[in-house]
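J.: Next come the chains, spelled out residue by residue.
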Amino acid sequence: MTQQRNQWPLYEVFIRARSGLEHKHVGSIHAADASMAIEHARDVYTRRQEGVSIWVVRSADIVASDPADADALFEPAKDKIYRHPTFYEIPDEVKNL
Amino acid sequence: MTPAMSYQLTVGDTSLILAQRLGEWIGHAPALEEDLALANIALDLLGQARYLLSHAAQLQGSGSEDDLAFLRDPQDFLNLSLVEQPNGDFGQTIVRQFLVDAWQLELFERLQQSSEPKLAELAAKAIKETRYHFRFSSGWVVRLGDGTEESHRRVQTALDALWRFTHEMFVASPAEQEAAALGIAPDPASLAADWSRRIDEVLKEATLKRPADVAYAWHGKRGQHSEHLSRLLAEMQFMQRTYPGAQW
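If you read the sequences in order, they're chains A and D. In terms of the working numbering, the first sequence is residues 180 to 276. In terms of the working numbering, the second sequence is residues 312 to 559.
The set of hints was computed from the structure by calculation and includes no laboratory data. One should not assume that every hint holds.
Said to hold, decoys possible - Covered, in the sense of this in silico footprint (three residues per stretch, anywhere, with C-beta under 8 Å from a C-beta of chain D), are these stretches of chain A:
1. 194–201
2. 222–234
To be verified - Cβ pair distances, simulated, as ranges:
3. Ser-244(A) - Leu-343(D): 54 to 62 Å
4. Asp-511(D) - Asn-275(A): 53 to 61 Å
5. Leu-354(D) - Pro-264(A): 45 to 53 Å
6. Pro-397(D) - Leu-252(A): 33 to 41 Å
7. Gly-334(D) - Glu-229(A): 20 to 28 Å
Ideal placement from N, C-alpha and C gives every residue a C-beta, glycine not left out.
Produce the entire structure from the sequences given, and follow the hints as far as they go.
T.: Here you go:
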């Protein structure tokens with residue numbers, strides 16, 4: 180990703196909504212450095228009590244799969260429905276599955 | 312007006328006027344993220360003001376927080392002169408915020424021991440907000456001070472321009488004297504050393520020069536204000552003055 184000289188670097192923001200839940204990607208913000216990124220993420224994404232923890236990571240540091248590879252990467256899984264656990268009967272005693 | 316009431320107006324009006332000033336940035340800040348940050352701080356301050364003004368109205372026995380905010384004249388406002396100073400550039404807004412945040416930190420720390428339960432309750436809540444405000448403003452003071460030549464010059468200019476208003480924080484107004492005697496509030500002078508130390512730490516990191524103390528003639532806490540407050544109130548109070556009791 181190219182960086183424009185007149186803009187702060189882009190950071191991706193991940194918020195943990197409650198203790199015990201995982202951090203989820205919520206969006207991105209611009210900031211001059213990591214500590215400013217945390218503050219900006221706090222100000223932009225946690226105004227309505229959305230979270231208890233914030234991660235930020237430079238967007239440039241994220242390695243993404245190439246959309247052009249989607250066929251090769253994801254198509255092969257399509258005809259393998261047996262990989263879903265829906266073929267198993269869940270005993271009534273098991274809750275919260 | 313009882314000492315408790317006028318003291319709550321001193322603290323509450325300071326938060327209210329600063330909130331209004333910060334609100335002027337909405338839609339104009341250098342970046343969307345800063346726009347939201349300033350608005351968030353303004354809303355925290357407005358919350359403090361609402362709490363204190365509604366309690367002051369209760370003590371008064373008539374009227375409401377809205378009456379106190381929107382129907383008082385400039386000379387009845389008891390805020391620090393510092394908070395009514397114009398926004399200037401972003402650096403000046405940040406310096407003003409930084410000086411006030413540091414003062415509020417010391418104040419709310421001590422107000423938690425107030426003999427007035429409402430004030431102690433407010434201080435316990437507001438100190439958490441203020442810690443974040445100070446983190447934000449002091450972070451920016453360092454960035455700008457220790458930034459480029461231009462940002463350093465601008466923020467030093469702002470500091471030199473606003474420094475003269477800080478002395479008022481530590482000189483007790485009649486209301487503060489009475490409040491301190493009753494155990495409602497700390498003696499303003501007792502905040503000075505810790506405030507000063509806090510400020511110096513940040514200025515050092517920001518490579519900024521602490522201005523010399525100058526003779527002081529600002530008495531916002533006694534209701535003597537600059538023309539800036541009248542203009543701010545003209546805008547803030549316009550709706551309520553033009554359409555009294557309007558609802559929508």
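J.: For every hint, state whether the structure bears it out.
T.: Evaluated hints:
Counting residues of the segment 194–201 of chain A whose CB falls under 8 Å from any CB of chain D gives 0; the rule of at least 3 is not met. Counting residues of the segment 222–234 of chain A whose C-beta lies closer than 8 Å to any C-beta of chain D gives 3; at least three are required, and the coverage claim holds. Between Ser-244(A) and Leu-343(D) the beta carbons are some 29 Å apart, a value that contradicts the proposed interval 54 to 62 Å. Take Asp-511(D) and Asn-275(A): their Cβ atoms lie about 56 Å apart, and the range 53 to 61 Å holds.
The beta-carbon spacing between Leu-354(D) and Pro-264(A), approximately 47 Å, falls within the hinted interval of 45 to 53 Å. Checked against the hint of 33 to 41 Å, the pair Pro-397(D) and Leu-252(A) fails, with Cβ atoms roughly 57 Å apart. A beta carbon spacing of about 23 Å between Gly-334(D) and Glu-229(A) agrees with the range 20 to 28 Å that was offered as a hint.
Checked against the numbered hints given earlier, the structure breaks hints 1, 3, 6 and satisfies all the rest.
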